[in-house]
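Using the sequences and the accompanying hints, generate a full structural model.
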Amino acid sequence: NAGVMQNPRHLVRRRGQEARLRCSPMKGHSHVYWYRQLPEEGLKFMVYLQKENIIDESGMPKERFSAEFPKEGPSILRIQQVVRGDSAAYFCASSPPGAETYEQYFGPGTRLTVT
Amino acid sequence: GDSVTQMEGPVTLSEEAFLTINCTYTATGYPSLFWYVQYPGEGLQLLLKATKADDKGSNKGFEATYRKETTSFHLEKGSVQVSDSAVYFCALKNGGTSYGKLTFGQGTILTVHP
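Sequence lines, in order, name chains A and B.
According to the working numbering, the first sequence is numbered sequentially starting from 1.
According to the working numbering, the second sequence is numbered sequentially starting from 116.
Simulated from the structure, these hints should not be mistaken for lab results.
Please read these numbers as outputs of a predicted model, since none were measured by experiment.
Beta carbons are placed, not taken as given, at the ideal position from N, Cα and C, and that holds for glycine.
Be aware that a few hints might be false.
[Unchecked claim] Subject to a maximum C-alpha distance of 25 Å in a straight line, what follows is the list of computed SDA-like cross-link-like pairs (lysine to any residue):
(1) A:K71 - A:R9
(2) A:K44 - B:A201
(3) B:K164 - A:E18
(4) A:K44 - B:T120
(5) B:K167 - A:K62
(6) B:K175 - A:E103
(7) B:K164 - A:K71
(8) B:K171 - A:E103
(9) B:K192 - A:Y105
(10) A:K44 - B:Y154
(11) B:K164 - A:Y105
(12) A:K44 - B:L128
(13) A:K27 - B:E157
(14) A:K44 - B:I224
(15) A:K44 - B:E123
(16) A:K44 - B:P229
(17) A:K44 - B:Q221
(18) B:K164 - A:D56
(19) B:K192 - A:A2
(20) A:K62 - B:D169
(21) A:K44 - B:V202
(22) A:K44 - B:N137
(23) B:K175 - A:K71
(24) A:K27 - B:Q221
(25) A:K27 - B:Q160
(26) A:K51 - B:G158
(27) B:K192 - A:D56
(28) B:K175 - A:K62
(29) A:K62 - B:S118
(30) A:K44 - B:L163
(31) B:K171 - A:Y105
(32) A:K44 - B:Q160
(33) A:K27 - B:L163
(34) B:K183 - A:E103
[Stated by the list, open to error] Estimated spans, in silico, between C-beta atoms of each pair:
(35) B:G124 - A:G85: 22 to 30 Å
(36) A:L38 - B:T185: 26 to 34 Å
(37) A:E18 - B:A132: 43 to 51 Å
(38) A:Q80 - B:E130: 29 to 37 Å
(39) B:T143 - A:P96: 21 to 29 Å
(40) B:K183 - A:R9: 33 to 41 Å
Here's what the structure looks like:
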């Protein structure tokens with residue numbers, strides 16, 4: 001059973017461009033969480049999604065950031081008009097139904113660098 | 116809101132030394148507590164967990180006990196190895212309206228020298 005897949009692993013964008021980060025959860029997992037790790041800091045929750053639904057986006061910046069988890073395909077975290085402060089590692093985690101009780105499995109992360 | 120505080124790092128030890136990384140938390144209700152490990156360039160891996168007071172989580176020689184009276188979940192290992200060098204994160208998961216999201220501490224960098 002393959003683990004959580006994220007791509008790309010490294011992404012470089014110039015200020016003002018768009019960044020699209022993809023996350024394929026483990027087989028059988030229908031819950032996806034996105035976390036951001038700024039340099040020298042711990043991970044901060046961004047958003048929790050189930051298939052076709054955003055359940056909790058309390059950690060998402062109000063502007064430029066959006067997330068989706070369509071019925072088919074990976075979950076996408078989209079950052080529009082990136083700025084230098086968006087440079088960070090973005091981690092996706094997935095869990096089976098019953099997210100409150102099951103372990104979250106993390107992907108290897110996407111390291112975004114904004115130049 | 117919920118929060119997790121870890122001891123200041125980094126921590127540098129010689130092989131076979133005793134390890135303690137302190138972790139305290141603030142949360143409403145009865146959270147579950149976790150230690151995650153992150154090796155260079157990789158994602159987080161669950162190291163151990165405890166779901167209720169006085170539970171002891173253990174894995175790969177690491178242990179942590181859920182202490183509700185002191186709101187702590189300190190990580191210990193009796194004899195560290197060079198391969199234990201990594202970043203360690205303490206985290207909690209609260210039920211209720213938090214939807215199971217994890218709240219992390221800032222991480223502690225551990226370096227073990229031969």
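A quick look at each hint next to the structure:
no. : hint                       : result
1   : A:K71 - A:R9               : holds, 24 Å
2   : A:K44 - B:A201             : holds, 19 Å
3   : B:K164 - A:E18             : violated, 38 Å
4   : A:K44 - B:T120             : holds, 13 Å
5   : B:K167 - A:K62             : violated, 35 Å
6   : B:K175 - A:E103            : holds, 18 Å
7   : B:K164 - A:K71             : violated, 32 Å
8   : B:K171 - A:E103            : holds, 17 Å
9   : B:K192 - A:Y105            : holds, 24 Å
10  : A:K44 - B:Y154             : holds, 18 Å
11  : B:K164 - A:Y105            : holds, 14 Å
12  : A:K44 - B:L128             : violated, 28 Å
13  : A:K27 - B:E157             : holds, 20 Å
14  : A:K44 - B:I224             : holds, 18 Å
15  : A:K44 - B:E123             : holds, 18 Å
16  : A:K44 - B:P229             : violated, 34 Å
17  : A:K44 - B:Q221             : holds, 9 Å
18  : B:K164 - A:D56             : holds, 24 Å
19  : B:K192 - A:A2              : violated, 30 Å
20  : A:K62 - B:D169             : violated, 40 Å
21  : A:K44 - B:V202             : holds, 16 Å
22  : A:K44 - B:N137             : holds, 20 Å
23  : B:K175 - A:K71             : violated, 38 Å
24  : A:K27 - B:Q221             : violated, 30 Å
25  : A:K27 - B:Q160             : holds, 18 Å
26  : A:K51 - B:G158             : holds, 23 Å
27  : B:K192 - A:D56             : violated, 36 Å
28  : B:K175 - A:K62             : violated, 41 Å
29  : A:K62 - B:S118             : holds, 22 Å
30  : A:K44 - B:L163             : holds, 20 Å
31  : B:K171 - A:Y105            : holds, 21 Å
32  : A:K44 - B:Q160             : holds, 16 Å
33  : A:K27 - B:L163             : holds, 23 Å
34  : B:K183 - A:E103            : holds, 21 Å
35  : B:G124 - A:G85: 22 to 30 Å : holds, 24 Å
36  : A:L38 - B:T185: 26 to 34 Å : holds, 29 Å
37  : A:E18 - B:A132: 43 to 51 Å : holds, 48 Å
38  : A:Q80 - B:E130: 29 to 37 Å : violated, 48 Å
39  : B:T143 - A:P96: 21 to 29 Å : holds, 26 Å
40  : B:K183 - A:R9: 33 to 41 Å  : holds, 40 Å
Going through the hint list in order, the structure does not satisfy hints 3, 5, 7, 12, 16, 19, 20, 23, 24, 27, 28 and 38.
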